[in-house]
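Quick mapping for you: the protein sequence lines, in order, are chains A and B. Read left to right, the first sequence gives residues 163 to 794 (this note's numbering). Read left to right, the second sequence gives residues 163 to 794 (this note's numbering).
Keep in mind that the hints are not guaranteed to be accurate.
Identical copies carry no separate label here, and so any pair may be met within one copy or between two of them.
[As the list claims (entries may be wrong)] The calculated DSS-like cross-link candidates involving lysine-lysine, where the alpha carbons are at most 27 angstroms apart (straight line), are:
#	residue 1	residue 2
1	K399	K374
2	K399	K373
3	K767	K743
4	K214	K259
The hints are simulated quantities; they were obtained by calculation from the structure and are not laboratory data.
Number of protein chains: 2
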Amino acid sequence: MNLLYLKTIQVVTMLLIGLPVLCQPLYLKNYLKNNEKDATPAVYQMIQDARKLKNPVLHIEEGTYHFYPDKAFSKYCYVTNHDNSVKAIAFPLIAFKNLEVRGDHASLIFHGLMMPFDIERSENIKVSGVSVDWELPLHSEALIVASNPKAGTFDLEISEDFPYVIQNNNLIFIKEGYRHDLDRSILFDPKRKAVAYNTNLYTPLEYQKEKKIQFPEKLNLPYADDFYSLYDNFSVKVQNLKFTELKKGLVRVSGPLKHVPPVGMVLVCKGQNSFNRLANAFHITHSKNVLLAHINIYHAGGMGIVGERSENISLETVNITTNPDRPSRMVSTTADATHFANCRGLIKINNCTFEQMLDDGTNVHGSYVKAAEKLAANKLAVIVGHYQQGGFTFAEKGDRIGFVDSRASANPAFFNIVKQVEAVNQRYYIITFEDKLDDRITKDFVLENTDWYPELEITNSRFRNNRARGALLSTPLRTIIRNNYFSNMMSAILMPVELSYWYEAGHAQNVLIENNSFGDSFYGGKNNKHSGVIAIHTSLDKNDYIFGKIIIRNNLFNNFDNQILEANGVNHLEFYNNTIKDSKSFAPLHPEKPVIDVNHINFLKIQNNTWRGKNLPADQIVKERIAADQAP
Amino acid sequence: MNLLYLKTIQVVTMLLIGLPVLCQPLYLKNYLKNNEKDATPAVYQMIQDARKLKNPVLHIEEGTYHFYPDKAFSKYCYVTNHDNSVKAIAFPLIAFKNLEVRGDHASLIFHGLMMPFDIERSENIKVSGVSVDWELPLHSEALIVASNPKAGTFDLEISEDFPYVIQNNNLIFIKEGYRHDLDRSILFDPKRKAVAYNTNLYTPLEYQKEKKIQFPEKLNLPYADDFYSLYDNFSVKVQNLKFTELKKGLVRVSGPLKHVPPVGMVLVCKGQNSFNRLANAFHITHSKNVLLAHINIYHAGGMGIVGERSENISLETVNITTNPDRPSRMVSTTADATHFANCRGLIKINNCTFEQMLDDGTNVHGSYVKAAEKLAANKLAVIVGHYQQGGFTFAEKGDRIGFVDSRASANPAFFNIVKQVEAVNQRYYIITFEDKLDDRITKDFVLENTDWYPELEITNSRFRNNRARGALLSTPLRTIIRNNYFSNMMSAILMPVELSYWYEAGHAQNVLIENNSFGDSFYGGKNNKHSGVIAIHTSLDKNDYIFGKIIIRNNLFNNFDNQILEANGVNHLEFYNNTIKDSKSFAPLHPEKPVIDVNHINFLKIQNNTWRGKNLPADQIVKERIAADQAP
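Chain A on its own, in the form it takes in the complex:
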């Protein structure tokens, strides 16, 4: 830990504990006009006035405030892992230094497509004491009140919270300035307020199928392979299911179903990818020292908190959950609770609750871009691989870039330093390097920015009841997961590496997972490839160990299913002093799988773990395979 790092921590701590600094307060009550329905212009004016002050503190008094996009500050925003668009921003905290937004249990209610907070090119920012919710959520939920497996139909009871219409035999949910269809559906169990056990048996509903167009040979798309998602041109989707309105608020769904879903479950949906991540709650970008404390995020049409190209972000007592005033609501955010891409310094998550999201609890990673073509001796064109990373800041002058040969290993083959980045468009950048490009670079190479990975601490927090994973760990720097509770539809903790679909870079090198409690995990359905509560996985471990030192100790696993740990390609793996229990919550989905399944590990220590309540043959407790092609 160097001096610079200590200094950074001090600044964050100072903000955190509110050490006396000369602050200049502003009060929202002084900006609000009587009987004004929309707080947006008042907040905007307060923020504009704050630009003239030193260390401004923006007080949001106790109360409920509504925000509408119509008069909101707007700009075209690149938000990583979201759909770029013109965002209507309620709190544009852009280019500020030393600013605090201090809510006194202030309830902020948003309408339609808005991004509540944008913290951009700012330093030393604290936001606290607010809750974020939407008047009408940007996803939809409907209770299954009847089903007829013989006829292949089921009936949805749609409450008035979800205005809808059947349009050309498609069920469309209407929001305030937004709409979506039944795509990306999943079942929630209202008794558990969690993703339903074995939902994969029923969902996603295959409600549309592909249909080819006429005269496709006339479409001239030379880059369709490179920029795959730009082009869905050769086919369209047509209705597979049929929707019939039996009466107002009651819609019968019929057609080819995997299985007719059970009565009593809640069908949740958010519409088609590329159109369903437009309204994340917090965006933190190109900023330093940001603290979010005592905040409730009850909903977002996208992620709760997105951090990118930022240094030192702390979340202290941030609760991402459904609004207690809306007890029937199943879903909080429609994508990850939190997500950090290309950050550095320290990401700290303490005493937080992330539950009922439609995607991961957190995901901390870098980003790969694809080598496209050499334009000069030191000039390389690259393509942003993931369509939802368009426009993100892959690198800036001075950054150290690792060149990864995706055929060989996820470990960089060589490095170079960035001189200049020219973002020609959102997906195509031209990078000039300090040194001549290595001759080995081919189209199989991806590039990784090794200067922008953070340390990560997740402590005293709860990750549960959501679709997908608890935490994805993809930073090579010190990572501590301590004293948390996890229970998730898929793995509680996943350490992945892949170079060709998500383009999320960074493989764990230094991870300590201790004193956590893991409840039921991977209950969403059968998965022949993976089912570990903790999964450390790559398909790139043939010539190399991809992951570094990973220690898992003193944890409690109370799971309904067998598999606790799966790992491959790890240099140093310790799993000891853990207690494993059978929760008996559900019928096991993978009774045949071993408790621990490890493969291609350089140093392995499995010691002093207790298995109780299970009666397993020895070879199903630990299965250690050595890949035939493993290099010594």
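Given the coordinates of chain A, work out where chain B should sit on it, guided by the hints.
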């Protein structure tokens, strides 16, 4: 004409006649790689290199060049009277001084959603010698090969130039990275290569109808009246027509039709408003002294040439028409050939042909914004009224603004000077004025920027065979229309004023229309309100004369229908030495209407016009009404 104006003209002329200046040439051939399908990166690099030169001339050698959006320079663009979006720009001529693009009969072929030329914040720019076309047009055309009036069906023959699919009973035309439906349809007559006579009898096809949503009361849209187009929330459109594929390339349309359209006509469509103006050919904004010469624009998904907030734009021998190599094609640009909003200096159109567009030949106007609320003594919030003017530069510091009481007159009641404009978002601006706001301002006021109107000269040009009008004239400065040919589906020349739908400001004050030839006009269908070949119209003339001095002389009108001139609210109107003939091309649509219908004119001279080939009762030649409420 002041000195500054003369100087400006000189600069334009210098560029025009290519006086010897020290130019630095660049050649596209030096940038193109062998066998590269896509010229976009080569052109981009040439333009980047041009930034380092003085007076660069970019040579595009004779040949055909293809452009794709994938590697194109892109940015979010506000293009007035279009749909704002991230535009992929082939020629980003941004922040240049003294630059020429000199094509040698270069054929530029675009793919998908692209904006070929963006001339932005630039001065002394000339583009010449290029043609612009699209590989697959962004609108669609299909020949009507059979019809069955009894059954209410007709059959469309769709050629391989128009890939399509029937998706959920909607006919969808597929382009390269774009698609549209059958909305905004119209008939073209392939014999005349023009909008079909009386197309309004058949089109637009009413192929969708409104359907109300359930639980609309839950939608909380406080500004729905102000920002009307943001919200289409309370209803959706559902199919009215049915589409059946009889065989590949043959689709039967059935359902409720106004009238079954006749066999032999071509049905043309471009899809829904708000999604069909994404790819104009030329955008000129915040620039000065721009000359486009010897250019062919064969297509654009939007307008051919859009000029906004620019000074001195000259079009010399610009042909907007269909590509002679594609003889069956009906439509050139899918919106106006040219359009100039908030320009000043001189707009000059000479020796141009604008034909077969799906909207007006030209439209020269300012823009109104709506007064929304007083925020301080000299601070007014305004709303951009027209949804396709979002983000446009209404005014900048120093501009003189007229305040128009829309209940009383289109003439400003008082003025104020702009100190600062804050574009909070695309539709909501906060303007600070030099002086205190006048107490009379209410929500009924609109604001007009009186500093940004151009002089206009249209000479030796052809406006014909398009949907809508020939030329819309809405500038108070000197306007000359001389030696042109017009023949259009609606009025050849329209001088409008209205303050509440299009928000296009500026009423003609000084117009000379002479030595033009007008062919058949207003042949698209019956229109009870208007049908003048030349129409000067406002509904705001109750207390005031809105238009100034308008002289129409020495023109030939060879029209199939009666009405030649309609005018009201004009201070000084002369119509003399004109020859009016009966073309006998079609059956008259409005035989009952007078040849000249004038109303509320202060000074009127109608003299020495000849009517030939018509046999009309006297009261049908000139009908002059004095409005009962006309002020003296």
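Looking back at the hints listed earlier, which ones does the structure fail to meet? No hint contradicted; all consistent.
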